[in-house]
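Produce the complete structure using the sequences and hints provided.
Listed below, chain by chain, are the residues.
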Amino acid sequence: MELSVLWFILLTVLFIGFFFLEGFDYGVGILLPFLGKNDTERRVIINTIGPVWDGNEVWMITAGGAMFAAFPHVYATLFSGFYLALFLMLMALIVRGVAFEFRSKDENQTWRSTWDLMIFIGSAIPAILWGVTVTNLIQGVPINANMQYVGTFFDLLSPYTLVGGIAFFLVFTFHGALYLTLKTEGDMVARARQAAIKAGVFAAVFCLLLVGLTYSRTDLFASTGAGIALWGAVALFVAALRAVYRQRFGLGFILSSLTVMLTTIAFFWGLFPRLMVSSLNPAWSLTITNSASSQYTLTIMTVAAVALVPVVLVYQGWVYWMFRKRVSAKELEY
Amino acid sequence: MEELILSRWQFGITTIYHFLFVPLTLGLSLIVAILETIYVRTGNEMYKQQTKFWGKLFLINFAMGVVTGIVQEFHFGMNWSEYARFMGDIFGAPLAMEALTAFYLESVFIGLWIFGWDRIPKVLHAVSIWIVALATNLSAFWILTANSFMQSPVGYVINNGRAEMTDFVALITNPYVLYQFPHTVLSGFVTAGFFVLAISAYHLIRRTHLDFFRASFQLGLIWSIVSLFLLMGSGHAQTQFMAKAQPMKLAAAEALWETANPAPFAVAAIIDEQNKTNTAELKIPGLLSMLANNNPNTAVKGIKDIEQEYIAQYGPGNYVPAVTPVFWSFRIMVAAGSLMLLVVLAAGFFWWRGQLEERPWLLKAVLWSLPLPYIANSTGWFVTEGGRQPWIVFGLQRVEEAVSPSVGAVSIWISLVGFTLVYAVLAAAAVYLVQKFVRQGPGISSDQPKQPAAKGAALWS
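As they're listed, the protein sequences go chains Y and P. Take the first sequence: its letters are residues 1 to 334, numbered as in full-length UniProt numbering. Take the second sequence: its letters are residues 1 to 461, numbered as in full-length UniProt numbering.
Treat the hints loosely; a few may be bogus.
[Said to hold, decoys possible] A few chain Y residues that don't get close to chain P, going by computed Cβ distances all over 12 Å: (1) 47; (2) 53; (3) 62; (4) 94; (5) 101; (6) 143; (7) 221; (8) 222; (9) 269; (10) 282; (11) 283; (12) 317.
[What the hints assert, rightly or not] Listed next, the in silico DSBU-like pairs over lysine-lysine satisfying Cα-Cα at most 35 Å (straight line): (13) 37(Y) / 283(P); (14) 56(P) / 436(P); (15) 48(P) / 325(Y); (16) 105(Y) / 244(P); (17) 105(Y) / 436(P); (18) 37(Y) / 52(P); (19) 330(Y) / 48(P); (20) 37(Y) / 105(Y); (21) 325(Y) / 436(P); (22) 436(P) / 364(P); (23) 325(Y) / 105(Y); (24) 325(Y) / 56(P); (25) 283(P) / 364(P); (26) 276(P) / 364(P); (27) 330(Y) / 364(P); (28) 330(Y) / 301(P); (29) 304(P) / 48(P); (30) 52(P) / 364(P); (31) 325(Y) / 198(Y); (32) 122(P) / 105(Y); (33) 52(P) / 122(P); (34) 276(P) / 48(P); (35) 330(Y) / 105(Y); (36) 325(Y) / 52(P); (37) 122(P) / 56(P); (38) 52(P) / 436(P); (39) 330(Y) / 52(P); (40) 56(P) / 37(Y).
Simulated from the structure, these hints should not be mistaken for lab results. Note that the structure is a prediction, hence the values are computed from the model and not measured. A virtual CB, placed ideally from N, CA and C, is assigned to each residue, including glycine.
This is how it looks when you write it as structure tokens:
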């Protein structure tokens with residue numbers, strides 16, 4: 001296999017890991033103000049992702065680093081082109097990360113509710129923006145012959161990409177609510193289930209809208225594999241919703257995880273072998289060929305990734321295992 | 001052009017903020033790891049309190065270091081897209097390695113450490129902070145590897161209009177990084193040492209939690225003295241290397257316009273950059289030759305001669321960095337370092353004689369020297385980055401060629417103002433928390449007996 005193809009797959013894997021893991025912790029952050037009625041409950045909700053959110057976020061950092069190393073032109077065009085969107089996302093991630101650490105370090109109610117709001121904003125904005133970004137990538141953005149983005153911030157916002165943003169937001173909320181059904185106790189489980197059903201019903205509508213618009217606005221369905229993956233994701237999502245309704249939360253979480261993963265696969269598959277589609281001229285799209293690093297760099301990176309990614313999976317999985325118990329309001333020492 | 005200037009300001013501001021928090025975490029993570037190891041080996045509860053107290057202050061800084069670091073990773077693509085295109089083949093690799101070998105370890109094990117107290121075996125808990133500490137320092141190695149290529153490129157060819165890597169081993173054994181890494185890491189150790197010393201001194205002055213802060217002070221003192229001597233040694237070695245690798249940076253840091261043999265060291269100078277001369281200077285004969293070459297009777301090249309060489313090599317252009325700020329930054333860094341040495345040696349002397357606590361003025365001096373390492377860190381980086389101008393990658397790409405053509409001034413203004421304001425607010429919150437915990441002292445809230453651990457239901461039930 002060509003190394004650039006392998007790196008396209010690796011990048012997809014990094015985004016799968018990122019959307020699956022950060023998907024539920026964005027969802028938990030979004031639900032924080034709605035499900036946490038008092039300070040203890042909010043602390044419980046935060047503690048369900050407390051030990052792991054930072055590790056989850058590194059999947060995005062690594063995807064960024066991998067993009068820089070393997071496809072520097074994509075890294076350059078995407079981040080300079082989507083400048084203000086990325087700026088918004090970074091601001092959100094900054095206040096979110098600090099909020100987790102600072103929130104409980106002071107008793108003051110204003111202090112705490114401010115940081116709780118930051119966790120909500122810091123989770124909601126990236127969730128929406130990732131949906132907007134992914135749909136923009138496949139729909140195509142104005143990229144000229146010199147690989148430069150020639151549009152504005154508002155060119156990134158179209159009915160299709162906004163539906164993409166809302167769909168991602170709702171699916172992540174659903175995913176997070178399911179995670180909470182597995183990680184909390186008592187009354188909170190029932191409330192998380194209610195939230196999952198509410199978010200899930202809206203999400204189902206927007207997912208269908210997303211699929212329909214993807215059909216009319218993009219060439220994703222030109223690839224049979226991508227088409228099957230996207231329909232598969234919708235089917236799994238409906239099954240997940242049904243599982244929640246029947247209170248089979250473990251199954252529901254597995255299904256919602258698979259939904260997120262399959263959606264990611266569908267969009268990357270639809271992109272292949274392109275990474276950014278040019279709306280001005282198909283020949284100006286950024287592909288794995290015209291945007292890749294040298295063979296030497298890709299080889300070095302492949303060796304590193306093959307050696308290290310399994311190790312990362314092992315210790316990150318192990319930490320999830322260490323914190324496998326439900327979070328109890330009785331042990332909130334942190 | 002406006003975009004270039006704004007992007008440079010944005011990079012400067014976000015980097016300085018990032019580097020206000022990172023050096024402390026390089027050293028303090030190790031200090032916390034050492035304290036916890038002592039606790040695990042001796043079972044002495046006081047060291048558990050030490051671990052928790054310094055650990056809490058570490059975490060506040062760590063969080064700020066992490067979130068400001070996210071911006072660092074992405075702004076190469078945002079503001080410097082042509083740099084990213086030109087250098088991605090080389091710069092991306094250490095960045096991806098940093099994520100794979102350091103960021104995952106740090107972020108996963110910090111979670112285990114924060115939430116693992118009394119939940120996982122003690123040894124495993126101590127091991128996790130060691131992993132965090134080593135990963136944090138490893139992370140510094142990778143980013144400095146990338147930076148060192150920008151200072152002194154090795155192991156590459158220029159192909160298809162971009163720099164392509166040909167030798168990864170040469171990249172990570174770049175002589176530049178072998179000098180820069182120890183100096184940077186040690187500056188972090190010194191920062192942490194002074195942080196511990198200053199806070200301990202605060203309580204020793206107020207005579208609160210005496211045993212606790214005597215123990216901290218002692219550790220901070222030994223740690224700081226050792227790190228400071230190593231730091232100064234590494235700084236000297238780096239300056240000598242700079243004389244060979246980046247003669248222009250050295251000449252600018254010394255405001256040495258004309259080649260001189262022997263070269264004097266200017267303690268202070270009034271610099272006239274327009275006319276390329278110093279209108280007044282206070283100098284020590286032969287000292288610069290001594291510093292650069294270990295021999296007072298050797299020549300050190302001046303800015304004007306090096307400029308002529310660069311024009312011959314790279315074509316017409318302005319190759320002289322902003323001499324005045326580089327010159328003074330270098331002096332401020334050295335002066336701050338010397339003051340720190342003076343303070344710890346005096347404190348160490350009276351500590352050894354058992355008379356330190358009778359000398360509140362000295363304890364106050366220790367407390368008030370806390371800004372010194374921060375000043376030294378920032379000015380030191382300014383010399384490194386400012387002295388490299390006009391190059392972003394030395395000899396290969398100029399800063400003005402690196403900026404993103406697709407990003408307009410309005411966008412950069414928005415991000416410049418946005419980051420600056422948010423960073424300022426967050427830094428204020430961090431300072432508020434640090435001073436609150438410092439005043440509070442150790443162990444007040446966490447001394448309460450833990451509630452018995454409830455039997456939580458398993459995840460899949």
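Taking the minimum C-beta separation from residue 94(Y) to chain P, is that value above 12 Å? violated (4 Å)
Residue 47(Y): least C-beta distance to chain P exceeds 12 Å? violated (7 Å)
Could you grab the alpha-carbon distance between residue 330(Y) and residue 48(P) and see if it respects the 35 Å cut-off? holds (23 Å)
Residue 52(P) and residue 364(P): Cα distance at most 35 Å? Holds. Residue 52(P) to residue 364(P) sits at ~25 Å (cutoff 35 Å).
Regarding the pair residue 56(P) and residue 37(Y), is the alpha-carbon distance no greater than 35 Å? This hinted pair holds, its Cα atoms lying about 27 Å apart.
Residue 330(Y) paired with residue 364(P) [C-alpha distance capped at 35 Å]: violated (43 Å)
Between residue 325(Y) and residue 105(Y), does the CA-CA distance stay at or below 35 Å? holds (24 Å)
Does residue 52(P) pair with residue 122(P) here, judged by a C-alpha cut-off of 35 Å? Given pair residue 52(P), residue 122(P) holds - Cα atoms ~14 Å apart, limit 35 Å.
Are all beta-carbon distances from residue 269(Y) to chain P longer than 12 Å? Correct as stated: the minimum Cβ-Cβ distance to chain P is 23 Å, above 12 Å.
Can the restraint linking residue 330(Y) and residue 52(P) be considered satisfied, given a maximum Cα separation of 35 Å? holds (21 Å)
Holds or violated: are the alpha carbons of residue 122(P) and residue 105(Y) at most 35 Å from each other? holds (24 Å)
Given the hint that residue 37(Y) pairs with residue 105(Y), does the C-alpha gap stay at or below 35 Å? Within the cut-off at roughly 19 Å; holds.
Figure legend: structure checked against the earlier numbered hints; hints not met, in rising order: 1, 2, 3, 4, 5, 6, 12, 13, 16, 26, 27, 28, 29 and 34.
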